[in-house]
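Peer 1: With the hints as extra help, turn the sequences into a complete structure.
Protein chains: 2
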Amino acid sequence: MSITEVSHRSPWFDDVINDAIERTKRLLKLDDQYHVLFLQGGASMQFCMAPLNFLSDGRSADYINTGTWSTKAIKEAQIQNKPIKVVASSEDKNFCYIPNNISFNKDAAYVHLTSNNTIKGTQFESLPDTGQVPMVIDMSSDIMSKPLDMSNIGMIYAGAQKNIGPAGVCMVIIRQDLLDLSPDNIPTMLNYNTFANKNSMFNTPPCFAIYTIQLVIKWLEETIGGLEQMDVKNREKADLLYNFLDDSSFYRATADKGSRSLMNVTFRLPNEDLEKAFVAKAVENGMGGLKGHRSVGGCRASIYNATGLDAINDLVSLMKEFEKTSG
Amino acid sequence: MSITEVSHRSPWFDDVINDAIERTKRLLKLDDQYHVLFLQGGASMQFCMAPLNFLSDGRSADYINTGTWSTKAIKEAQIQNKPIKVVASSEDKNFCYIPNNISFNKDAAYVHLTSNNTIKGTQFESLPDTGQVPMVIDMSSDIMSKPLDMSNIGMIYAGAQKNIGPAGVCMVIIRQDLLDLSPDNIPTMLNYNTFANKNSMFNTPPCFAIYTIQLVIKWLEETIGGLEQMDVKNREKADLLYNFLDDSSFYRATADKGSRSLMNVTFRLPNEDLEKAFVAKAVENGMGGLKGHRSVGGCRASIYNATGLDAINDLVSLMKEFEKTSG
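Read top to bottom, the protein sequences are chains A and B.
The first sequence begins at 1 in our numbering and counts up one residue at a time.
The second sequence begins at 1 in our numbering and counts up one residue at a time.
Derived by calculation from the structure, the hints in this document are not laboratory data.
Check before you lean on any hint, since a few could be wrong.
Pairs involving identical chains hold if they fit within one copy or between any two copies, as the list cannot separate such chains.
In silico EDC-like links for lysine to aspartate or glutamate, alpha-carbon gap of 20 Å or less [what the hints assert, rightly or not]:
id, residue 1, residue 2
1, K106, D57
2, K82, D184
3, K291, D14
Peer 2: Encoded structure:
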């Protein structure tokens, strides 16, 4: 039988899920306060679950708005009438930077932020100092891309499909004190404790997706050699591309220096016709997906963990050639 | 690129999901009032979503309790303080039968039932007459096992992992008038309209699981020849096993005649020691999974669509031999 056929109540699947959890704990250096869970519904379901679980006693939470995904997270707290506060936003400049020097509310239950913004191409270079308030972080697009200081992190969540696996599973890493905040009177499938108490198997989990995470995390640990090594590779890739963009008068990076994403490099050409022609040329050369998200236009190179340095070299060569023939 | 790598915003994936939907509509003879959706979280998430979406205006719903899964569905409505009514239950006889002659409330928003009860081994032979009130049916364990009269069905939901695909996706078939009941002020990912309005792609769907459903449904349509043919095969399998059980004085079927499941055949041996020995003997002969659910004991043969008649013949031969050597 294959992984799509074995029972999730079998010792075979126990080995898969437990190995994925143990490797995650080693890679992120998690202590015993943290639980590694596998949920469904993507990060979008977490936008709903975090306020539902952590704000039942009338407390507020602080949200930082750095783009499309943060905006959605804020909306899902507000739709539940949770009294959250948006303490910082970069909407004034179309989210091209990460706000800093933020004043947080000391009595907030948590601070929510999106560590990497896929659409706008920005990323927190370092996490903010939120004092005693734990952070809840959407890391869907940069989880496992570099080492992480967990000291003030209450929860991480990440749809798997960028860096750690296929679509259909969301990894949640949650600290015990946040689990203790969940009220009893919420639906079972929306309560983090349901997953923590049953090793993510209250009901049938997405077995194939969890199995694939296990394989990817094994590759990260054994082939790449850990998150420090992954970080070196990711920086090398991003530096190559950003240095080329900064030296160019034809191409222009759109995210501010100091806020630039190592995962999603957004850039513009002199005009939209040239952008369209460039994207078409790239497809001809076997490079798909370079069109920017429809909400911002321009171009975007998504260079997640799985992308090699060779692909960036090929892209830069193509960009040079396109400038020569069209510039 | 494989199905686990392509973007869900690509024409390749559009072809996959649209083909799965079209084949489902043909197999179940659905008219244009019905939407075929793919959600995550299994049937357990539907236990929460159905009352959340359909009972926002203070109306009640009728629930029929036929076992473990119905009981959980009832609990998830009650935890939300929805005023539901349990109009029938077979709990008095450990759920060994399907209640009939039920009085339904004419003003109920829906009648909820579990069409097949995996753990107790019972199944509705025909659906009850609920008058003008639409049925909402958990068909996780018998969807696509036989033709279905949709005339009074408002919604079907089914975790895919029994008859139509791998774990990690839940098929929801919903009629337009039930979609119209959802209030605006519920979380986006818990609103059926989110999925209906975006062809199940508001956020990244479980692509691999949907792809596998497409393949299974294609097999049902093209290789099996449709649900009438699937029904013939399923009845032949179940009849063989039930006839053997009814002729035996060693084995005993636990579900009442007229309420017996064609998918899960539950039976006992003269005592628990013999049951344990039989299950061990079966494993030795390559037949796993015959142990009854831990909540009821005994034995259970799950004979979903994918199980062939040969497997039932092998099982009956083994049962005969075991009786001869142990009886």
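Peer 1: All hints, please: hold or fail.
Peer 2: Now the hints, each set against the structure:
{"no.": "1", "hint": "K106 with D57", "verdict": "within (16 Å within a copy, 39 Å between copies)"}
{"no.": "2", "hint": "K82 with D184", "verdict": "both (17 Å within a copy, 16 Å between copies)"}
{"no.": "3", "hint": "K291 with D14", "verdict": "between (41 Å within a copy, 19 Å between copies)"}
This entry satisfies every hint, going by the numbered hints stated previously.
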